[in-house]
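Peer 1: Spelled out from the first residue to the last, the chains are:
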Amino acid sequence: MAFQALTDHERSDIHAGALRVLEEVGLAAPKALVDKLRERGVGTGGAGERLRLSRASIDAALALAPGTVHLGARGAGLGAILDGRRSHAATDGCGAKVVDLDTGNVRPSVLADVARSARLTDALAEFDVYWMMVSAQDVPPSLRVPLEYLTALRNTVKHVQMIDVTRREEAEQLAGMARLLNDEGVVDGPPVSALISVVSPLRLDPDGTEAALTLAAAGLPVVCCSMPIASVTAPATAAGNLLLAHAESLAFITIIETLHPGAPVIYCSFASFAEPRTGATNYDDPRTGWTAAAAAELGRSLRIPCFSSGGLLAMLAKPDLLSGGGLIETSTILAYDQMVIDHEALRDCRLAAAVQEVSAETLAEDVIREVGPGGHFLAQKHTLRHMKEFVVTKFAGDRERASKEARRLIESHAVEPLAPAVDAALEHLASTTSSAAAR
Amino acid sequence: MDERNLFARIQASVTEGDAEAAAALAREALHTDLDPLAVLEDGFTQALRGVGARWEAGDLYLPEMILAAEAMKAAMGVLQPEILRRGGSRGDPPCCVMGTVKGDIHDIGKSIVGAMLEAAGFRVVDLGTDVATERFVAAVREEKASFVGLSALLTTTMPEMKAIVLALTEAGLRSGVRVVIGGAPVTREYAAEIGADGFARDGLEAMRLFQKLAAPASASA
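Protein sequence lines correspond, in order, to chains A and B. Start counting the first sequence at 1; every next residue gets the next number (this note's numbering). Start counting the second sequence at 1; every next residue gets the next number (this note's numbering).
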């Protein structure tokens, strides 16, 4: 279906504006990083902890970034090839709370919730990628990321993308586990990737950036994300918000490609809006859909994989990845029933975005002729042939039914286990805290 | 000088969030016979209270509130030295030490709450982000703070909040301060678990909670 949020001219304006911001304003960045980039001839003007990027260095970095990124998976044929041809849906993440399936009460999330949500993702066909949906707060912070990853890996054969990698040590642990999975032939391609965000406006998290560079060095894809909130951490307008997000993601990509040429990166702009009275993020703002679509168009124009928030308009803009739901309260609370409801909405969204075929078969003149005035089409073979194209809405508006379905799938869905020796080796890597664990 | 006209213009400068005009009006007031303390209290503070009430009622948006608070601060910067020179005092506004905990550089939530508190008459000492535990303890001691506001956006940095509460206890300062925590992963239950005095989801809730905790009646609660 043809849809364009931004005209070519508007898209060029946003890109040119972002380049000016990066060249004239730059980002706050750790001095060591700024120095390292300068050694490679990237970063201009100013001193100390401000990183200003020239258009030439950004263009050079974009030329180095692979146009296709592979997200590896345990399941045969379930890896995601991000090459602009299909929009893959990830779950939502990363919450810190859960609506308990038994009590209905909201409680802090634990490792068992990672297992349950990964298993449910595995069972729900429309989800292509498991985003780390919740943080496991019942394990020590130093072990959290590797144990979350291992738990997800045990419970889904789809690709796992981490969201909360905030330290180099965690990235090293993931890299070690990924290497083992590749060496053992369990996964072809990067078995894990991570979304790491610039802190808007225009600030690099020193630890998160170091983690991103560690992952990039290991060949693991990094989603170079920006999440500005209009009127709070970005201009109050959708276009200004997009410009800032575009600049931040471009800067992150430039840093990674300069230091690790050819590393797989994914452009990601999650520009959102604030609730105007409190300043809190408001994903229900009516401009969200257009903004997500425009973000995807900006990403696609760079000719590298892009990630944007979900929804019909975003789907029409064909990002390589989009976030597909399962969390409530501005993505802070995992709700298993919501995963089932959002999964159904995702299916409908894909269908709504699909172009309907117009041909002799679908125009069905013969059938209309045969039925004639009055009568009905229920007994037509043509109807039978095309019935499978209809969908049944089971869960929208029926939380109880969705909850039952979530429980049924979590309890009954079987996931192929890891080979015992691989599982044990991963467990050893995941439960060893020092960076030596990742070799 | 038409006193009523001056106060009306002061009111407008705060309501419109015009910091430049507010500072200019404060300077203008210093050239009159008016007591600068009265200008501050009956003019600027009164105006800001009105803005705060309208914001609480949902009639104003957050940027309007923040800009009004900025206007008030600009005026205070002009009036305060003169008030002190004349030996006056605004009284002793409660001091709140605020910051985002170690390992976390997200600051917007904390900054919004800080602005709200300043608008509500608190003296806010903002330590910034990635703040080490010992800096919170030192600031509470040095500033004689009666409140501590802690922010964390990551579940991995949340445990720092507990460490700060413990450090305040070990330093013998805990009984003199109320600790309020916030941030996306933080819950009421977590606040109770680590021995904090309260939790707030957003700026509005935070401002109401701080005001409640600062009210004399709450001292015995």
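Quick caveat, the hints were computed from the structure, so don't treat them as lab data. Hints should not be assumed to be uniformly reliable.
Now the stretches of chain A that chain B is said to cover, found in silico as 3 or more residues with beta-carbon under 8 Å [to be verified]: (1) 270-284; (2) 312-321.
Chain A stretches covered by chain B per the calculated footprint, using a threshold of three residues with CB under 8 Å from any CB of chain B [claimed, not checked]: (3) 48-61; (4) 227-237.
None of the values given here were measured: they were computed from a predicted structure. Quick reminder that beta carbons are idealized off the backbone N, C-alpha and C, glycines included.
Peer 1: Now, for every hint given, state plainly whether the structure supports it.
Peer 2: Quick rundown of the hints versus the structure:
no.: 1; hint: 270-284; in the structure: holds (count 6)
no.: 2; hint: 312-321; in the structure: violated (count 0)
no.: 3; hint: 48-61; in the structure: violated (count 0)
no.: 4; hint: 227-237; in the structure: holds (count 5)
Of the numbered hints given earlier, the model fails hints 2 and 3; all others are met.
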